[in-house]
Structures are given as C-alpha cells and as structure tokens.
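Engineer: Residue numbers (UniProt numbering), protein chains in the order written: chain A, 1 to 427; chain B, 1 to 427; chain C, 1 to 427.
Be aware that a few hints might be false.
Repeated chains share a single entry, so a pair holds when one copy, or any two copies, can fit it.
As the list claims (entries may be wrong) - Only pairs whose alpha carbons sit at most 30 Å apart, straight line, appear in this in silico DSSO-like list of lysine-lysine:
(1) 312 <-> 161
(2) 312 <-> 322
(3) 161 <-> 115
(4) 322 <-> 115
(5) 117 <-> 161
No lab work stands behind these hints: they were computed from the structure.
Nothing here was measured: the structure is a model prediction, and the numbers come from that model.
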Amino acid sequence: MLSPEMNRMLTRVENGAPMGNLIGRFWIPALLSEEIAEPDCPPVRVGLLGHRLVAFRDSEGRVGLLDARCPHRSVDLFFGRNEQGGLRCVYHGWKFGVDGACVDMPSEPSTSPMKAKVRARAYPVHESGGIVWAYLGPGQAPAAPDIEFMSLPESHVYASKRLMRCNFMQALEGSLDTSHLTFLHQMNLMSKDVFGVGDFQRFSDADGAPRFFCADTPYGMSISARRDGDDDTYYWRVTQWLMPVGVLVPTAPGSVCRANFFVPIDDRNCWWYRIRYQPERPLEQEEIEEYDTGDLDYSRRVPGTYESIGNKENDYLIDRGKQRAESFTGIPSAQLQDIAVQESQGEIADRSIEHLGTSDTAIAQTRRRLINAAQALEEGRMPPEALAASQYRIRAIAITLNRTRTFDEAAALAQLPPVQGTREKMK
Amino acid sequence: MLSPEMNRMLTRVENGAPMGNLIGRFWIPALLSEEIAEPDCPPVRVGLLGHRLVAFRDSEGRVGLLDARCPHRSVDLFFGRNEQGGLRCVYHGWKFGVDGACVDMPSEPSTSPMKAKVRARAYPVHESGGIVWAYLGPGQAPAAPDIEFMSLPESHVYASKRLMRCNFMQALEGSLDTSHLTFLHQMNLMSKDVFGVGDFQRFSDADGAPRFFCADTPYGMSISARRDGDDDTYYWRVTQWLMPVGVLVPTAPGSVCRANFFVPIDDRNCWWYRIRYQPERPLEQEEIEEYDTGDLDYSRRVPGTYESIGNKENDYLIDRGKQRAESFTGIPSAQLQDIAVQESQGEIADRSIEHLGTSDTAIAQTRRRLINAAQALEEGRMPPEALAASQYRIRAIAITLNRTRTFDEAAALAQLPPVQGTREKMK
Amino acid sequence: MLSPEMNRMLTRVENGAPMGNLIGRFWIPALLSEEIAEPDCPPVRVGLLGHRLVAFRDSEGRVGLLDARCPHRSVDLFFGRNEQGGLRCVYHGWKFGVDGACVDMPSEPSTSPMKAKVRARAYPVHESGGIVWAYLGPGQAPAAPDIEFMSLPESHVYASKRLMRCNFMQALEGSLDTSHLTFLHQMNLMSKDVFGVGDFQRFSDADGAPRFFCADTPYGMSISARRDGDDDTYYWRVTQWLMPVGVLVPTAPGSVCRANFFVPIDDRNCWWYRIRYQPERPLEQEEIEEYDTGDLDYSRRVPGTYESIGNKENDYLIDRGKQRAESFTGIPSAQLQDIAVQESQGEIADRSIEHLGTSDTAIAQTRRRLINAAQALEEGRMPPEALAASQYRIRAIAITLNRTRTFDEAAALAQLPPVQGTREKMK
C-alpha cells in the first residue's frame, strides 16, 4: 500500500517526472532490431518515456534514434525518406545523420550558416540480443550492462515484444511475483512445459503461498521464493530484478532462459520485451515457431504489429466455458493472462487501496528501492546500479535443495562465472 | 432554466456529488436478473453512480454485488471464477462470498490473520420484477418500495434496458414530459397502439400544449396533464414520478402498464430500464416478442448487448425520406426517438440557455424537488421519500373525464387499493 | 519561432479567443452549396470557430445558418424537419425561419407571448462560387469581398473541401510556402501538370531555396518568391494571402486558377476549401472529374463525406516502395501529401521549438500580421482588411521575367483591371 503521492512518484515517467529521470539513466530497450532490419529501410516510430522518437538504420547499418519532430517545423520524420547517409524530412528536404547532424538543408541558400547550427535531438544507441538499446539521460551514456543474452550468438536468442495498455509498474510487479503462477497460469501448465521448469511444476501448483527472501545486489535485487518440495526439499525460484525495469525469470537448469523488460512508452502504456535465450545451443526451429506464432505461452499478435489479438476491447478472448472446464482463466496463453490481469488493475493502479500480504514482499521492496533511487536522483545522487555494467553475471534459476540449505545458498547458485576476455561496449 | 451551479448540482453523481449521494439513499436497478440467469454463471460488469462493480449469482442463487477491484491488488473481479460459494480472483486466488467476506486466501500462509480482516466492498441487493435492485448508500438499507410490478407473477412482467450516452436527468425529463408525444412520436402512433392509450391517441395528436397540474406525494410527484378531449371532456394523463429516477407512464385502463427507471452509470451515461406489466393476466407471447426484438416501440439492440443498433455514430438510423413521408423524425421506434433527442441535448445538457414554457412545468418542479432533497441531505436531513416504501400503491393512467372534474379527481383515480397481506422485504 | 503565449494567440479560436474573434470579423466559408442542394432538403451540421451550427435551405431557396441547439431545451436541430418556411425541432415542434425567428411553437398555448420572444441564434450568410459564406462576428456584417471566382459563371468554378485534423494555421502556412513544392510534391509533377505551371515546373524542381519578397496589401499580403529560371530570367511565383485564412495559389497565365481557404472548425480541426476557376472558359468535364474523383492532385474521399480515405490512422496510405522508386513521399496525391505533413506537425504545432530559415519569411510575416490584428481587435481596433471588400481585384501568378525586373514589377502583374459595373452584395 502506497500513499497517492508515493504511487505517483513510483509510476509517472513523463515530462521530467522523477521516475522517468531515473529510468533515463539506464540503458533500456527502444525497439527490436528486426523492426529496422536492413540498411536504408523505412523508419519506424518509437515511444519512450513520453518522448515521440523515430528510429532508422542508415546506409552503413548504423541505427539512428531521433526526436520525431524535424527541427525545422516539427513535421514527423516518420514520413521521411531514409536515403544514403541519413533521414530526409519530406516537407523541405532537411536531412539528418544518425548522430542528429544536419547533412543537407536544400530549402536554404547554400551559403546559409543554419545547416551547421541546427541538429536533430539524437540519443545514444547500442544493439545486442536482437534489441536496440537506448540511453535517454543527460551527459555521457554509462557502459552498457553485459547481461548474458547480450553476448550470445544470434542463433541462441529470440527477442519479442507486446504492447500493454497500462503503466509499466504493474507489468514489472507481475514479473517479480512468482505466487501468481499457482493461480493465473494454472492448467496452462498441464499440457506442456510452458515455463521451462519441468518436474518442478507440481511444486508451483501445490503451494501458492511461497515465502520470499529478498537481497539487494549491485544490479538490483535477488528474489528467492521458497515453496515446499518433496518431503526433505524446498523448491526455490530465484528471480533477478535488473533495476529499473528488467527481470530474469527462473527456469530449470539447462532449459531455455527468459528475460523481461517493461519499458514505459508513457504513463499509461508500456512495451513488454521478452527475451528467450539458450546459453548452450542454438534455439530450435520448433521453439522459435512457438514463440513467434504459438498461442500457449506467447500472446498471438495482430499480423504486422506487436499488439495482441486478445485485448481489453474483446476481454482478452476469455472463454467462460474453458474457464470452467480447462484453464483457470479461460484466457489463451500465459502472456495474455498476465496482460489481462495487469491491465485490469487500471491504466495506473491505485496502490492506496491495496491489501498486501507476505507474498507481495518482493513487490513492496522493489517499489521502495525505486522510489528511494528516484528521490536520491532528484537530490543529485546518481543510482549506483546504472554504473554497475560489470555486475550482471547472473541467471534466474529454479531448483530444489535440501531443506537445510538457506536462501543465501540458493541465491549463490544463480551466479555465473566471470567472463573470459572483454566485450566491446558501444556508446 | 438553471444556473450553471444548480445544473451541476442536479446532474453530477460521481465522487460524492450531492445528487449521487441522494440517489444512493434509494433502491435503484443495478442489472437485469437475466444477466446472471443461473447459479455460478459468469460474473458481469455493473456501472452505477460512478462505481465500477461486478455482479454474480452464487451456487445457492444469491446475488453478490461487489466493488470490481479485488481488495488485494485491484485486479478486475469480472475476470474471476464464479466457483462454489463465491467469486475467486484469477491473479492470486482470493475468493469472496456475496457478502464480501474473504472465504479463501491461498496466496498467504494458512495461519495468516489477513483472511479474516480483508473484505470486498459488497452492496445490499434485492431481486424483483426481473431486476436486481441495489442500495448504495451508507448504513442499513431502508425497506424496498413495493411498486405494483414487483409483486406480480413473473409471467406478468417484462423488464429490459438500453444504454443512453447522456446524463440520466435528460432521460428522466423526457419521461415526465407528455407534450413531446404529439411531436416526436407522431405517426408511429398511426399504425399501432404503441403507447397503449387506444382511442385517446387522437387527443394526444391534436393537442400539443397540455396543461400541467403537479402534486407532491410521499413517493415523489403526481403529474396530471390535461388535453382537450371531445366537446364535453378533457383527456387526462396522470404520470407518477417515483423519486428519484422512476416514472410510471400512463396507459389506458386495462392495458399493459409501463414503468421507467433512469439509472446513472456515471455523469455522462445512464441505463434506461423499462418494465412492462399487466396486472390482470400473463403477457402474451406476441407482446413479449415485440418488446424483445420488435422495432416499433423498442429500439432494436446489438445482439448480445443492451445497446441500440441506432446510436449517435449512425445518426440513430435517421431516414430523411421517411422523415418527409412517414414519421415525424425518420427514426425507427419510439424509444430510439427518445434516445436520439435526449442524447442530442449534449452529454450533460446546459440548462442555463433554455427557454422553458408551460409545457415544462413538471420538469421544472421535478428539478426543484431533486435539488432541494440533495441539498437537505448534504445538511444531514434524510429524504423522507426514501423511507416511504409502503406508499407506492399507485398507477399511471390515461382517461377522459367530464370537463367539470378537477385534476385532484383525476389523480385520485390513479390510487390502487391497499395490499392484501404483507410482502416479504429483502435486505 | 514563437513563444508559447504567442503561439496560443496565433492558433486558438474557441470560446472568445482573440484569433477566433478576429476571424469572426471576416466572411468565411461555412459549407459548400452542394451540401444543401435543394430547397427543403435535409439540414446539415456545420462546425465553425468552435460553434456547433446547422445549415438548411428553406422552401424559397434561402440559406439558414443557426446555432444547432434548439432554444427550448437544446435538442440538436440537425434532426429537425426542414418544412415549408423553416426548420422544425422534432422534440416539441418549435419551428424557426432562416433569420432565427420562431414561426411556430405548438407546445405552448396559442396565446403565449413566448413565440414572439424566443429566437434561434442565426448568422448572416451569402452564397457565391459554390460556397455558403458566413459572418460570425458581432453587429452588422461588412460587405463581402469580391474575389474573382465569386462572380464567375457557375460553369467556370469548382469548389471542394477536405477535413484536416489539425489547427488551421498549419494548413495556412503550408499554402503560403512555395518552397515545399520542390520537395514534398516532387515526382507528382513529372507525369502531369498538377499545379498548372507547365514548363515552369523545371524551375520549381531545380531550386528549393526561393527568395521571398513580401508586401503588405489592403487585403493581406502579396508574396513574391523568386527562383532561378533560365540564364537570363527569374521564375516568379506571386502568392496572395487574403487575410485571415484565404490564399490564391500561383498558376501559369491562362491556366486554371486556384484558391484555398483554411477555416477553423475548432482549435484542432479545420476545413480546407479549395476552389478551381477558369476566368476565360467553362471547366471541362475531364477537369472536373479529376478534381472530384481523381487521385493525382486531390485526396480521394470517403464516399458521401469530405474526409480523405488516406488519413492519420492509415499513415496517409504511404507506400514505402513508391517512396523509394516513384515519388518523394510515397503518399498519393499532392493534397494528401500536404495533409500528411501538416497534420504530422501535431494537433497544434509547437512553434517554440522551430528553426525558421529564409524560406519561411512569408510564414513569419503572416503570423506577425495576424497576431497584431488580433491584439488590435482586443483593444477595440477593427482590422481594416475586413472592410476592404473592393480591393480583391488580384490573381496569383507564375511567370518568368528578365533578371533585371524587381519583385514590385512581378507583383504588379498580379493586379486585375477594375470591375465593370457593380456587384450586388448580400448580407
């Protein structure tokens, strides 16, 4: 439960709001690489932290992320021509490079000093894991974190996204909340190993009241949730919160890993980025097809878009007969179930009327961390997590351990060995 | 004509507005019984006085009307499972009975005291006449009024509703206003006895300037409108206003009776509940079909909804050729004609620019009564009409009387004899 | 570049805003004559300067332009019956003539004095050039200007309109801005003489940085834009700004002329009226077909409406393949190209973030003139341009002149000889 003021602090990102400023200090997903697949392909719209941007890939394959408004008279650069070496506004032909420099201004005399002075607002980007990452904060961008999937071969990674018509925080909270697996996603789990936890599923199904142990880390928080396993074991799920909007979701050792990022478009909409990665082998064709067009785990999308076919207007395709007989919700796919309940909390959930329990421990701690960091930044103190690029050698894991083992020991198993060699960072 | 301030007082119902508080002190229709026809059927959404609610029928047939937001973290209980003995939220499995008590909280340890403390906000309901009535006010609900159709056999009553995209007050005013019959509904009346007034139709058609006599009553107001009849008679229509939002509409003695309730969903939308009842016999199949799927009196609805096919977006299906040649408006069905003109007054009509005439007498008096009662309630004085449950032994009537008879005598004929025995009231 | 305050002053027209007041002092297009083609035809909705109006043609062919709200209880007169000699509200039958007088009030006793007192708000209108012009200001309307097309035979004139979902000022600025021809409309121009400038097209295509010379005139401003022509010539385009919202667009001598009017519906929507006229001969059938249903210059419209099929929701039908290979934008028709970029500047463009160049000279001067006139009117000084009805003997022209000739000489060539006889003005 939060006061209305603290809820506002937690959720609002537009127009210089503290939480928007905080998130701006981190590298966040801006779009999928596939959205601008080829050099000189059409530009695409990008909404990020309340900013209206346009992304394009230039003739040399470099990505530009510009304020969508042409500096001349604000025409939308989305309609622009992506030409040799830059994006040209169609109104008067002003052309900008990926760095925002004006490379042509044909509506002014060739002697005009304007061309050298006018720049489009451009943001630093960096591409890895099938995602174009952006830094929207002031000053020099910090080093980008090296999350495991970022340096895997392309063949090992599958990135996707879906639109959510609610504040990012509801989506983030859902991803940190293992308790709801027992309910919301029940039955989905019977037919197939949707969550990649195999035999452990029966422990999730049986125990809806996990006990939470949270530990602050340099990158955010390690969240260990303990359920009863067999007689002498506990079933542990160690979730990693990557401050501010990332989550590594537990899967069983050896299975496909998953990461989520919940990126605010504005106060009332966000993108759910979802990355599947298999550190040990390329993803199989069958796996990719399930992610791309399946309907079990992923919400099916409107062709040509990243919006779910199931949505608020059609009650997320709820089938009341199936809700009675087949699945807990009657809503197809685990992802759409999440979208349904999280959007249903309201465009921006009112956290002043909640009743939190012990199963909401991780959520409460995450909120506090975020609010504290946003307040500190307002007072001029940088979030140290934004400068912790080298600290991301972790996974999320699902395991059973003897009941004598503690949560520290569970969390320790989620550490990865240090990287061999160094990875080049982009600015 | 009202000042902008008085118009606001008259029309606004959300967020503790005085008129919303006043209406909350009365029993009002919340939904049709048919919307939750069977025990354990899917829950349905209910919007009432700005509140977002969910209604369901439990395994024993009892109706629950709860705040739609789960007390845990505000997930919409509309997506809930209506299970044995209660409605279960799909996010974490919290389950609530019709009284709002939490009967299961499986995401918390079984020893947690939370389950006993947390309650969903539940509202008292009562079912009669094909309608689920609700009391949204504070404290103990008063006795429910015994309007004639409420204690008739089911076979004698037909209840329906239609969405109106305007403030409830415009709809209520239209129902109290017999003058418009002469114009808006003209021609509809030629082919069939839509309004159940038979031969009297020619008097309505001929005289568009009725004289109004209003008398305050314990339940609201008795409104006698006098038109010229034959040489030695007047044609009287005695309408009953059931404070705050109910109306009994005159029909000829012996014919099917009609009642209207205009229930605010919020400031800019309302439900038009319409009840047909025949005190003397079951309704005939043909009558019910006309009410259900006809297009003469009732606005045809979008299948599976209570919204009219004709609406603001399609100009209420106006046919200008028919307007010229066949009916006064070119709009099909008397009900849709009402919806068209009343919605066209604006989402909330601006009553500061009106020019009221003598034909608006009943409207002006009703407004004053409502505003006075709302102001009195703000000052702590209960509306006596909310406690007048036993005073509803009345009908609305259409009759001709010799010109020597007064409006008191006309109104007296609308009294019903006292009930035999007593009727059980529900809370 | 304007301060936010000056931008507000320039763009806002609703609720007594200074710019709305200024525009109200001029005759502006209210609707096309074809929208109310016949006496006693159905009334139509008109939105103008934030006012909701209804237009109708009475039995004698006179046009009425009334506030859409019936003075009785605000029912929309759009649903009214256009009967012999007036428009009758369908709710209670009140009937109004084109002058707003109440000619029948059948819901009141025939002895009532109300009928003589109540009036609908009616605005002066005047019909010419296929357009119904209206005066929305206070007091007596000034004489209507005699723009050339207004007194041509009907056969010589074609008027049309399209909805634009942005503030009128962006549309007006686009029409004053010859520089964008070189870019936005490039390629359209290759296949056909869309702009009626014939051989001069190659000069427009070659020189995107015209030099602007603006001269204040009694009716507004004469804007001469000079491009390089052949070795010894300049190519001149002399555009006429008809204060406040009209533009005469240059075409080559002898070809079909064009005029634009950008009329505010409200702060965020406007009508683009477009008039084609050939002073010397009737328009040919082929020309009219191209204007009516073609797709080269005119934006194709949704049948039965004046809205473009291409619009914001479908990205103006942009075809990225054609943008690469065939036209500069990939958007069909020059008109839709204008609508696309101008709407893309935002519902109301933020002029505080612009970077204006020399090619924006005419735009900057027009803004200043409008802001000054609006401010002067607030201080009680009438805009002299509103009283300059006799000063409209001008055309817009496209010509080449020897490089020794000045802009004054170019502008002088756009003068028409004085009219023979006098033209009757309507009020």
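Engineer: Taking the hints in turn, state whether each one holds.
Structural biologist: Hint-by-hint comparison with the structure:
With identical chains, the CA atoms of residue 312 and residue 161 are at most 30 Å apart both within one copy (18 Å) and between copies (24 Å). Only within a single protomer do residue 312 and residue 322 lie at most 30 Å apart by alpha-carbon distance; the minimum there is 19 Å, versus 36 Å between protomers. Neither within a single protomer nor between protomers do residue 161 and residue 115 lie at most 30 Å apart by alpha-carbon distance, with minima of 38 Å and 37 Å respectively. In the homo-oligomer, the alpha carbons of residue 322 and residue 115 lie at most 30 Å apart only across protomers (28 Å), although the nearest pairing inside one protomer, at 63 Å, exceeds that limit.
Within a single copy, residue 117 and residue 161 get their C-alpha atoms no closer than 37 Å, and across copies no closer than 40 Å, so neither meets the 30 Å cut-off.
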